[in-house]
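K.L.:
One letter stands for each residue in the lines below.
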Amino acid sequence: MDDEFLKEIWEQFSIEVDEHCSNNEEILIGATSNELSEEQVNSAFRAFHTIKGLSRSLSLSTLEKIAHSAEDVLGDVREGKFKLDDDAISVLLKANDQMRVISENSAKKMFEVADDPKELIINLNEIREKEFDGKNAEKKDNETIELSDEKNNLNVEDENIKRIKKNANELSKEDSLKETKKQNNTVIEKEKSISVASEVIEKIFSRTGNVLTSLSDINRIINSKLLENPQSDLKIAKDLIEKSNLQASLLNEEVLDLRVFPMTDVMRRVKRSGFEAARSSGKKVDIIVNGETSRADRNVVRAVTDPLMHIVRNAVDHGIEPPTERGNKDEKGKVEIDISTSSSGLEIVIKDDGRGIDTSKILEKAITNGLVDREKSKQLKDEEIFDFIFHPGFSTAEKVTDTSGRGVGMDVVKTNVISSGGSVYLNSDLGKGTKFTIIFPQITNTENCIVLESVNTYYAIPSRNVVSIYRTSDLNKNNFIEKKKLQIENKVYQIINFEDFAFSKNNDAEFNYLIVNFAGKGLALQYAGKVLIRDLVFDEPDKFVSSLPYISGAAISDGNKVVFQIDLMHLFGQEDPQKSESI
Amino acid sequence: MMQKKVLIVDDSKLMRIIIKKILSNDDLFVVTGEAGNGIEALSEIERDVPDIIFLDIEMPEMDGVEALKEIRAKYSTKVVVVSSVAQMGSSRAAEVNQLGADAIIEKPGGAVDPTLATQKGKEFIEIARKVLGV
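Chains as they are written, first to last, in my numbering: chain V, 169 to 751; chain P, 226 to 359.
These are calculated hints, taken from the structure and not from any lab test.
Hints may be right or wrong, so weigh each one.
What the hints assert, rightly or not - Below, simulated PhoX-like cross-link-like pairs (lysine-lysine); rule was C-alpha separation at most 20 Å, straight line: (1) P:K245 with V:K175; (2) V:K286 with V:K262; (3) V:K251 with V:K298; (4) V:K698 with V:K659; (5) V:K371 with V:K711; (6) V:K652 with V:K711; (7) P:K303 with P:K245; (8) P:K303 with P:K355; (9) V:K659 with V:K544; (10) P:K238 with V:K175; (11) V:K276 with P:K355; (12) P:K355 with V:K175.
Stated by the list, open to error - DEER-style ranges, computed between Cβ atoms: (13) P:S316 with V:N293: 36 to 44 Å; (14) P:K347 with V:L418: 55 to 63 Å; (15) P:D252 with V:S417: 52 to 60 Å; (16) V:E207 with P:E320: 17 to 25 Å; (17) V:E179 with P:R297: 35 to 43 Å; (18) V:G450 with P:I350: 26 to 34 Å; (19) P:D273 with V:S417: 31 to 39 Å; (20) V:E367 with P:D252: 41 to 49 Å.
Glycine included, every Cβ here is placed at the ideal spot set by N, Cα and C.
Just chain V, with the same shape it has in the complex:
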C-alpha cells in the first residue's frame, strides 16, 4: 500500500465522482422540463450506484449513505413506482452537490471529510415515502399502463443493443490492429490530450501576435519602397513576406483555438440557478438552452458566467409571471437561451415570455433618480429607455427576492460584459417578454487600432471604438455649441483634450476630433497630430505601465516604438457618466 498508489486512487476517485455528478446534474435539470427517458433514469441510477460502490471501497461511509439513499430514489423511479417532481429533483440535486463536495475534500485529505448528512438522508427518504401515500393511487393506475408499454420498449432496446454489439464486433474484425492497441478507451482518449499551463498559452498567443505585427510592419515598409521604385529587387522579398504571413496566420488560428472552451459547463450552472429560482418563487418555468456546445475564448466564458446566471434568475424572478397571472399564455413560463458563434464572434440571446418591461415605469424611475429630465425624456427612443436598466442602482422591481432585484445587478452585468470586450442590449415587449442580447467580438491577439502620436510617444484606441474622425476644417461654428461640447448629427459630445492626459503637447495648427464610443457612451477626443492605423498586440501591463493614469497596456509597433493603450474604462468613468445626450 504505497503512497503513489494511494494518491492515484484518491485522484481517480475524485475524477470519477465528479464525472458522475456532472452527468447526474445534467439529467436532473433536464427532468424539470421533460420527463426522463428510460436510458436517462438508468444512467442516473447507475451513477449513484457507482458512487456508492466507490465510496465503500475507500471507506467513505457518509458518502456511501447519501449515494445509497439517492440510488434508492432512482431505483423506485426506474421501477415505475413514481415520477420525479420538482421538489424531488431539488433534493436529489442537493445530494449530488454534497457528494461532489465530500469527494473533493476527502480526496485532498485522503480520508473522509463530511458533515452529518442526516437531514439530507431524511429528505431523500421522504421522496419515496411521500409517493406511497394514498394520494397517488389514481396516478399509479396510469403508470401501470405505461409500465407495460415500457416493457415493449425494453424489447426494442434489446434489439438495438444486439445490433450495436454486432456492429461493434464487425468493426473489431475490420480493424483488428486498431483494436489491439485499444487496451482501454478512456486511457487512450486521455493520452490524446495533454494539459498545458494557461500562462504558457497566453505567452504563445502574444508571441504569434507579435510575429504577425512584425510581418505587417515589414510588409508596409516594402510596399512604400516599391511605390517609390516599382522595379526594385524588393519584389522577391514581398513574395516571401506574403508566404510567411500566410503561415503565420494559420499558426495564429491554431493558437487561438487553444484558448477556446465549450459553454457546456457554464450553461449547466445557468440552468441550475434558473431552476432553483423558479422553485423558490413557486413558478413553473422551462429553461431551454440551444447551442451550449458552442465554443468561446476562456476569458469570455469566465466573464459571461455571472451575467448569464443573473439575467436568467432575473427573468425567472421578475419576468415570468406567477401561473395565475399569465392570462392567455401557457401556464408554464419559458426562458430560452440561444448561443451561436460566427466569424464575427459569440452571440448569446436570452429571451423570456414573461410580462415584459413597461417603458413608462422605467422613465418615471429615471426621472425620479435624476438620470434624465421630463422634457428630454419625451424624445428618448425605446432602446435608450431600456438602457437605463443598466444604470448603477437602478431597479424597478417592487419585490426584493433572495436572488435578484436589490437594485444591484444589471449594472454589474453590463460592467462584466464590457470589461471583457463585449456588449449587452435589452429589448422588451410589454406583456410578451424580454430579450437580452450579449455579443462578444471574435477574440484576436492583434487589435486594429487608431494610433495617435505626441512627440515620439504613441497612444492607441481600438478602431472599433472610434466611430468617426473630424478635422477642424470639416466642422463649423454651429458644431461647437458651448464650451467643451461638440454637436454632430443630433448628438452632443463632451470634448476631452488629448493633452490633458498625454505626456506632451503637439503644436499642430489643426485639431482632429475623434468620436469615441464605449459602453454606449460617446465623447470627442481633441487631438493635434498625425493619425495612424496599426494592428497591435497588447501585453499584460507591467508595474510601470499599470501605474500610468489612463493607460491599460502597451504594445510594440514599427519595430521599436512603444504604443500605450488608452484605458477607455478610466477615460469614460472619470467624467459625467452621461457624456452623449440626445437632443
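Knowing the structure of chain V, use the given hints to seat chain P on it.
P.N.:
Relative to the frame of chain V, chain P by itself:
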C-alpha cells in the same frame, strides 16, 4: 507455474485499479485486458481469451448480465461477478447465478485501509483461485 490471464470489466477505472492491485499480490494472475462495459469486454475477449473474467453488473452501453449471456454462449472462460453488497441477495444476483457465473463476490471494500484491504484482498484471491481450481 502457468500464469492465468485476467480480464477486468468495470466502468469505474478506480475499481479496475483496485482489483488490479489486489491481484498483483499473487503471481498466479496476470491482467491482460481491461474493459469499461460489456461491448468492450466482448471485443477484448475476442482479441485474447482470458482464463478468468472479473465482471461488474451495472455498466453503461451493455451491462454485466447481458455480457455474461454473450460470454456463456461462446466461451468457457471462468466468470466471477463482482457485485456490491446490496445486489448479492437481489434478483439480479439470482439471474447472474442462473446465467452461469462461476462465483459472485463482493466489491472490494476498505481499499485504503491496509489491514482491511489485505483481508478483503485475500478473500478475493481465494475465490478466484477456487474458481480456477488451483
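K.L.:
Next, verify each hint and record whether it holds.
P.N.:
Hint-by-hint comparison with the structure:
Simply put, K245 of chain P and K175 of chain V have alpha-carbon atoms about 16 Å apart, close enough for the 20 Å limit, and the pair holds. For the proposed pair K286 of chain V and K262 of chain V, the alpha carbon gap of about 13 Å is at most 20 Å, so the pair holds. A hinted pair counts as satisfied when its Cα atoms are at most 20 Å apart, and K251 of chain V with K298 of chain V qualifies at roughly 12 Å. A distance of roughly 26 Å separates the Cα atoms of K698 of chain V and K659 of chain V; the hinted pair therefore is violated under the 20 Å criterion.
Restraint check: the Cα-Cα separation between K371 of chain V and K711 of chain V comes to about 18 Å, which is no more than 20 Å; the hinted pair holds. Pair hint K652 of chain V plus K711 of chain V does not hold up; C-alpha atoms about 34 Å apart against a cutoff of 20 Å. A C-alpha spacing of about 17 Å is found between K303 of chain P and K245 of chain P, which places the hinted pair at or below 20 Å, so the restraint holds. Distance hint between K303 of chain P and K355 of chain P is fulfilled; the C-alpha atoms sit about 11 Å from each other, no more than 20 Å.
With a C-alpha separation of about 13 Å, the suggested pairing of K659 of chain V with K544 of chain V holds against the 20 Å cut-off. Between the alpha carbons of K238 of chain P and K175 of chain V the distance comes to roughly 14 Å, so the proposed pair stays at or under 20 Å and holds. Between K276 of chain V and K355 of chain P the alpha-carbon distance is near 39 Å, which puts this suggested pair outside the 20 Å criterion. Restraint check for K355 of chain P and K175 of chain V: not satisfied, since their Cα atoms lie roughly 32 Å apart, outside the 20 Å limit.
One distance hint, 36 to 44 Å for the beta-carbon pair S316 of chain P and N293 of chain V, is violated here, with the actual separation near 23 Å. Separated by about 60 Å at the C-beta atoms, K347 of chain P and L418 of chain V satisfy the suggested range of 55 to 63 Å. Between D252 of chain P and S417 of chain V the CB atoms are about 59 Å apart, so this pair conforms to the stated range of 52 to 60 Å. In this structure, E207 of chain V and E320 of chain P meet the distance hint of 17 to 25 Å, their C-beta atoms being roughly 21 Å apart.
In this structure the supplied range 35 to 43 Å holds for E179 of chain V paired with R297 of chain P, their Cβ-Cβ distance being about 36 Å. A hinted range of 26 to 34 Å is violated for the C-beta pair G450 of chain V and I350 of chain P, which are about 57 Å apart. Between D273 of chain P and S417 of chain V the C-beta distance comes to about 48 Å, which lies outside the given range of 31 to 39 Å. Take E367 of chain V and D252 of chain P: their Cβ atoms lie about 47 Å apart, and the range 41 to 49 Å holds.
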